[in-house]
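K.L.:
Each chain, letter by letter, is given below.
Number of protein chains: 2
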Amino acid sequence: MQHTDVNTLGEFGLIDHLTKEFAIVQPSTVKGVGDDAAVIDNGALCTVVSTDMLVEGIHFDLSYVPLRHLGYKAVVVNLSDIYAMNAFPKQVTVSIAISNRYSVEALDELYAGIRAACEAYQVDLVGGDTASSPKGMTISVTAIGQAEKDKIVYRSGARPGDLICITGDLGAAYLGLQLLEREKRIWLENPDVQPDLENQKYAVGRQLKPEARRDMIEAFRKNSLLPTSMIDISDGLASELFHLCKQSGTGALIEESGVPIHPESEMLALKFKLDPITCALNGGEDYELLFTIDPQDVEKVKYLPEIYIAGEMLEATAGIKLNTKGGNLHTLKAQGWVHF
Amino acid sequence: MQHTDVNTLGEFGLIDHLTKEFAIVQPSTVKGVGDDAAVIDNGALCTVVSTDMLVEGIHFDLSYVPLRHLGYKAVVVNLSDIYAMNAFPKQVTVSIAISNRYSVEALDELYAGIRAACEAYQVDLVGGDTASSPKGMTISVTAIGQAEKDKIVYRSGARPGDLICITGDLGAAYLGLQLLEREKRIWLENPDVQPDLENQKYAVGRQLKPEARRDMIEAFRKNSLLPTSMIDISDGLASELFHLCKQSGTGALIEESGVPIHPESEMLALKFKLDPITCALNGGEDYELLFTIDPQDVEKVKYLPEIYIAGEMLEATAGIKLNTKGGNLHTLKAQGWVHF
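First to last, the protein sequences are chains A and B. Number 112 in my numbering belongs to position 112 of the first sequence; there are no gaps in the numbering. Number 106 in my numbering belongs to position 106 of the second sequence; there are no gaps in the numbering.
Hints were generated in silico from the structure; no laboratory data involved. A couple of the hints might just be wrong.
In this list, chains with the same sequence are indistinguishable; a pair is considered to hold if it fits within one copy or across any two.
Stated by the list, open to error - Straight-line distance between alpha carbons at most 25 Å, and here's what the computed SDA-like set of lysine to any residue pairs gives:
| hint | residue 1 | residue 2 |
| --- | --- | --- |
| 1 | Lys135 | Glu11 |
| 2 | Lys321 | His69 |
| 3 | Lys300 | Pro191 |
| 4 | Lys135 | Glu181 |
| 5 | Lys135 | Asp16 |
| 6 | Lys321 | Gly258 |
| 7 | Lys300 | Ser257 |
| 8 | Lys149 | Asn42 |
| 9 | Lys149 | Gly57 |
| 10 | Lys20 | Gly327 |
| 11 | Lys333 | Phe12 |
| 12 | Lys135 | Tyr64 |
| 13 | Lys222 | Pro27 |
| 14 | Lys184 | Gly34 |
| 15 | Lys20 | Thr130 |
| 16 | Lys222 | Gln26 |
| 17 | Lys321 | Asp215 |
| 18 | Lys209 | Phe22 |
| 19 | Lys321 | Glu181 |
| 20 | Lys20 | Ala120 |
| 21 | Lys209 | Thr19 |
| 22 | Lys321 | Gly249 |
| 23 | Lys20 | Gly249 |
| 24 | Lys321 | Glu183 |
| 25 | Lys151 | Ile261 |
| 26 | Lys149 | Val25 |
| 27 | Lys151 | Ala44 |
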């Protein structure tokens, strides 16, 4: 048998490749593979389903991630996908595969974090599986949400002229990870040195205990705002913008000055000799929302806190561009990496 | 921190321990942890959700399980849980974590099996995740089904006097596994010896390519039969009967002569010096249905093929007993193992 390395396709290419021959046959399937979540029609309400798998040594490192935080984050990142459909999560299932290195007490910590997330977001744990693993821990979470069919927002609904909005701030979670990784390396070289994270609580907190933007979806409902497209920012702004543009058939122009970056992230980026905008574009794990609105709705978002208008959707032929603070136009690359 | 081995609790004890402090707060959650699937109320129809995790080296051995069969089975075992709620599966999500040992071609084989199952059972693949793994393969499948609220059958509805029914036949999948494991050992000792599976197609087929009993759920609908309780037989008849009795608050009497065992399983069990009834009680992976009916409904099942009346539910004080062909009454143990 031929052996093609999966890395030649990339994650999204691999998903496309593996799922392209699957037909949709159930009338209740409104949306299958290809958005933040699947959408299933139940008559009155739609069910929205999203799932994620987290693997020890790939997605998390227990040498600096407390199990309680891991449990919390594993749930929250899935809830984020449901909110990104403009829906509200109601239930989760959690499956874990663990090696015999994990004690009941360790799992109690993990589940305390899962419970804290369920309580914070008012979702019910309704199922799951516990399995043995020859090595390490794998966590698979499925989040299930509900929304009226006409409230669901897809990646594909943006039109040229729509305004591009970003919630919160970007890049901090990535910088928090850099800090944790640096302290781990120092600690491995010299176990007597205590980690120095004291002054970077913001970035470390964003990495270890992210939150999903339920408040934004609630604000949208309250203000009768229906975004034209939406996605959660888990892989960095550039990558998510590419998804919106690809599925909406548009181009985009982002103003660097419009991309929200926390002052602590700015300073931390400089310490690491990184450009803050690069961290925001490519960092990942912010779990903020990227969405587009009809320009007629601009009054509805203008007075909402933590929503920043960062650019505009364009015709597809215009490409996907970043206007830097210095006034230079850069083309964003498909991999989501900006080459300055 | 104290270190309590998870094995001291057992799988079901561990699930109870980890989930007992989770509250149900969403009005739409009809049933959470503790049945074959969770049940979510959507107004008109209920959504039924079940999830399973399969780990290489624990749940499957790729030295004798073709990837295509693995994909098929991973889907089917989850569909079986949905049917066991008297509901029909409509969608699945499939997440995989894989090491770089797996090529695109290998994944194509896996997904060909997943697709074959989706086509055979008319379910849509609507989502999932692909992740890297430091070692081996982990597959997590979530199945989503629908049913009218009053059609859903739980583990908890059996009453003393209800008849115990079993579909198909039991023990073959376990014997198929014994055969595959034996041939693997022989092959490891002497790679020149070809595996001798020719005459045991039935048992090997039941292990490698199980089917879920959609036909039974369709027959129930056609005959207006509503079982009082139901569970799928994934861990052996004894273990599943314990679940039904525990959740229904009953005892049970099973007649050995009523437990369906295929003639090829009988012969194969004898070859392995195993008692066929022990294989049926404790073997696992049959994916048949165990259900109970009101005795008034007996006419509805009597003429249906492949349904066998194997006993009766009793008061809880009567315990859970097996009446052997020799006329001896044995108490089934909580572990599901019969000590003759």
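K.L.:
Quick one: which hint numbers does this structure break? Sort them smallest to largest.
P.N.:
Failing hints, ascending: 2, 3, 9, 10, 14, 17, 19, 24 and 25.
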